Amino acid sequence: MTAPVSPRPTRRRLGARLWAARMEYLFMLPGLILFGLLIGYPMVASDWFSLLDWSGFDAKSAFIGLGNYRELWNDPYFWGAFRRSFFFMLGTVPMQMGLSLVLAIVLNNRLMKWAAVFRTAIFLPVVAPVAVTGIVLTLMLSPFNGPVNGLLMSLGVIRAPLDFLGSPDLAMPTLIVVFVWKWIGTTMVYWLAALQTVPDELYEAARLEGVKGWQMTLFVILPIILPFAIVIALVSAISALNVFPLIQSMTGGGPFYATEVMEVYIFRNAFASTAGSLPRLGYASAAGVFFGLAIMVLTLLQIASVRWMRRSTRDV
Amino acid sequence: MSEMRASSNRQLLSPRRRMQVASVFLALICCIHVWPLLWMVSASFKPNAEIFAGGGLIPSAPTFDNYRRAWTEAHMSQYFLNTLFVTVLSTLIVVLTTSTMGYAISRRHFPGRGLLVGLLVFTLFVPQGYTIIPVFELLGALGLSQSLWGLVLATSGGSFVVFVMLFAGYFSQIPKELEEAARMDGVGFSRTFLFVMLPLARPIVVTVVVLQVLHAWNDFLLPLVVTLANPALRTLSVGVYAFKGENYIDWGGMTAAATMSILPIVVLFLFLQRYFIDGLAGAVKG
Amino acid sequence: MSGLTLTGVRKSYGKVDVIHGVDLHVEPGEFVVFVGPSGCGKSTLLRMIAGLEEISGGEVSINGRRVNDVEPSRRGVAMVFQSYALYPHMTVAGNMGFGLRMNGVSRQVVDERVTEAARILQISELLNRKPRALSGGQRQRVAIGRAIVRQPDLFLFDEPLSNLDAELRVATRVEIARLHGQLAATMIYVTHDQVEAMTLADKIVVLRAGRVEQVGTPMELYHKPANLFVAGFIGSPKMNLMEVDVASNGLARLPGGGTVRLALPDGVNVARLRHIGLRPDALTEDAQGPITGNVTVIERLGDATYVHLEIAGGTTLIAKVDPETRLSPGAPLSLRPAGRLHLFDAAGAAVPGITLHDEKA
Chain A
11 MTAPVSPRPT RRRLGARLWA ARMEYLFMLP GLILFGLLIG YPMVASDWFS LLDWSGFDAK
71 SAFIGLGNYR ELWNDPYFWG AFRRSFFFML GTVPMQMGLS LVLAIVLNNR LMKWAAVFRT
131 AIFLPVVAPV AVTGIVLTLM LSPFNGPVNG LLMSLGVIRA PLDFLGSPDL AMPTLIVVFV
191 WKWIGTTMVY WLAALQTVPD ELYEAARLEG VKGWQMTLFV ILPIILPFAI VIALVSAISA
251 LNVFPLIQSM TGGGPFYATE VMEVYIFRNA FASTAGSLPR LGYASAAGVF FGLAIMVLTL
311 LQIASVRWMR RSTRDV
Chain B
4 MSEMRASSNR QLLSPRRRMQ VASVFLALIC CIHVWPLLWM VSASFKPNAE IFAGGGLIPS
64 APTFDNYRRA WTEAHMSQYF LNTLFVTVLS TLIVVLTTST MGYAISRRHF PGRGLLVGLL
124 VFTLFVPQGY TIIPVFELLG ALGLSQSLWG LVLATSGGSF VVFVMLFAGY FSQIPKELEE
184 AARMDGVGFS RTFLFVMLPL ARPIVVTVVV LQVLHAWNDF LLPLVVTLAN PALRTLSVGV
244 YAFKGENYID WGGMTAAATM SILPIVVLFL FLQRYFIDGL AGAVKG
Chain C
359 MSGLTLTGVR KSYGKVDVIH GVDLHVEPGE FVVFVGPSGC GKSTLLRMIA GLEEISGGEV
419 SINGRRVNDV EPSRRGVAMV FQSYALYPHM TVAGNMGFGL RMNGVSRQVV DERVTEAARI
479 LQISELLNRK PRALSGGQRQ RVAIGRAIVR QPDLFLFDEP LSNLDAELRV ATRVEIARLH
539 GQLAATMIYV THDQVEAMTL ADKIVVLRAG RVEQVGTPME LYHKPANLFV AGFIGSPKMN
599 LMEVDVASNG LARLPGGGTV RLALPDGVNV ARLRHIGLRP DALTEDAQGP ITGNVTVIER
659 LGDATYVHLE IAGGTTLIAK VDPETRLSPG APLSLRPAGR LHLFDAAGAA VPGITLHDEK
719 A
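Chains as they are written, first to last, in my numbering: chain A, 11 to 326; chain B, 4 to 289; chain C, 359 to 719.
Chain A on its own, in the form it takes in the complex (with noise of 0.2 Å):
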């Protein structure tokens, strides 16, 4: 027979079904401490702290209102760091998606041999901590014994050492290129992932009538995958506003503050202000909120982009 409909419990009074459902809470309890101390707490007490005047965790703190947010409005280091993050999601997120696309419709190829080989290659600096491989990237990208200024010169590329990191014009764009080089790995695997899910027989149905091979990815498999693609462009937009450890180890923000993001704008301003001045954690916080709501607000765009597809795609 068919499955009953739902089995809702019945309604009885909320007494009897918080203990009736005493076991599930004492089950979730360890969980929702987690959560309770790692995010419910933090997300209301930063509102709280953007409007305090704070500046250290011993020292005391005073309500100003909304005077961090008015403050924040006028300060052009603020704005330029957001405008950075923005900038650096733009710079990275269609290079990586369309790049790894490429690389994953080549290795998903049954023809192509050694993929396994390639694809393991390509992912491994995904895995690899952020901060460490920044910290040698630097090592390499120095404009002094750098190899890969040495690699550049003696291909004739380039006839005198670059300062990638060290050089305002150059240091965002080097972090970008840097940063897609470290996570295409991840988005290739995406991109296999969703390749994945079309039959087999797709292929050759295609085959038997004639389609040709970019006929094929274009009009066959790019709209089967294109509900994936929000999804990855979602995940790979939060990753790229999230880039403190690469920036932080590889310029801290500088040269000149050329290179400075949100996050590094928060920690300068938080645990590392330069010397003299104090750290200031309410002011900080305020910039985290606006940036937090700013990415929520993104968030919340992409997903429900993504229901809109999922609904369209199901119409079919």
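Derived from the structure by calculation, the hints contain no laboratory data. These numbers were taken from a predicted model, which means no experiment stands behind them.
Below, a list of computed lysine-lysine pairs in the DSSO-like style, where the Cα atoms sit at most 30 Å apart:
1. 373/C - 179/B
2. 596/C - 561/C
3. 179/B - 488/C
4. 582/C - 678/C
5. 582/C - 561/C
6. 596/C - 678/C
Counterexamples of contact, computed for chain C against chain B with all Cβ distances above 10 Å:
7. 656
8. 666
9. 689
Just so it is clear, CB atoms sit at the ideal spot from N, CA and C, and this is done for glycine as well.
Model the placement of chains B and C on the given structure of chain A, informed by the hints.
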């Protein structure tokens, strides 16, 4: 796959030939991806003078001197143990808390369930910059800011919500009859979870373990902040970062320290590759 | 009172009632089959007996004990699920002994009971395998074994054969019948397949839309269906049902204009008679028969041949004919009733006691 399946005589190159051309490009890309790791390992066995002179990847006279300096003078041995401690314990905590919570919200009815799920989804992508200050303040208030346990606790929060969602998604696919059979057998709530549901969720446990190990081993902002005033608690990432700040011309020592930090996780990856890749892909499919 | 007793059992989800008050008694050792179409509530009823569904009203008692609020595991029942619900990560022995082990039964007793159940079910050599290494039929046996080791007062089967292929379904059906005899246990069995119901049951409970339509032995239901629904549901091929006009003298006019004469017992209100039912074996070839039409399909089963006959008004009848018949599709055919008649009134209820006039003559 696609590209080359459609055979056409008018195409310039045969499918096989085109794959060979593609292989060459891929090989080039792979070189770019592997080079920094090889260079790092190679440099870690060279004296600084030889590193600065450039040259090939094979050290002319391999030396462990860099490792000795990093391991003892730069306290990497301590940082290594710290990292191991935080990684192992936070992974245990995360598996325990997220699997139980994921089970409860996906398979059980209780008042407040909808609210809880809503809260979880809402906080799915909270950036670390949003929470770092209160988390640090909280560790101080709990008296944990001076111990590794504080770091363990805070590191467990990294991808908490994602993991709960992964477990919830998986549990909700397991047929309800299995729990009913257990109930008919007189097996209680927690033992049904422990002996029936959790063993069945092994793929997700593996995914969560892999992702959490990666996260804990590689985390930077949190351990950096927590250990600002307490260098003895540094993890490898922070230790290498500090090394750079203190001995910025000792490339040999730095690459040796970096190798100690990177190599364990890379080796782990090479051995458990399938789990890493499936785990990551699973996070997106879910 | 021993056995299982349901008294006014009801089930509702919110405002929707799915079981409308069921009364039933099952004797110890009896094999009872709940049968009915999808959505009739038979599985829900079974799950209420098992304790997996809350009981909204009425009472379920087992061996005289009210069990409405008793945990499933303490009701003395064991259930075999449609999907088998074997624990995929445990061996066959592990699956069968899991419940006992979890309830503190000693290792030795568990082993004994598992070995014994495996012997009964002839799966002793499979004890160390995992479920995924078993065929559908073997999984089915393990699921039954898991029930046996608990030594329940009452076995519950929820469509246990529906995931098996046709051949295996017959074999397992026989197996379950044999098991019932061997264990002398009380069994309740849910199915939508009336053949399973007929072959297995001591007592069949026909359900429709949450109500009991009829309770009886297989032959009672076959020969004396209480209403149109049961008449149409029990028996394969189905009973032929035709609209009928009966005059007070017993002359019944069939679709197409043919007539048969009925012998009416006293007190029958002919105006209320609406349908006549004839099983395929109660129709016989007769060139002068009152039912005429054209053959559309011929089903030859070897020992029997069924012809499908389209008569006036578009109704299709099925008749059992001589297996060696030379009939072919398109041929005209005339039939006459020869055997048990079933008459139903406007409300669908059976009107008993009516036979063919000719037979008496």
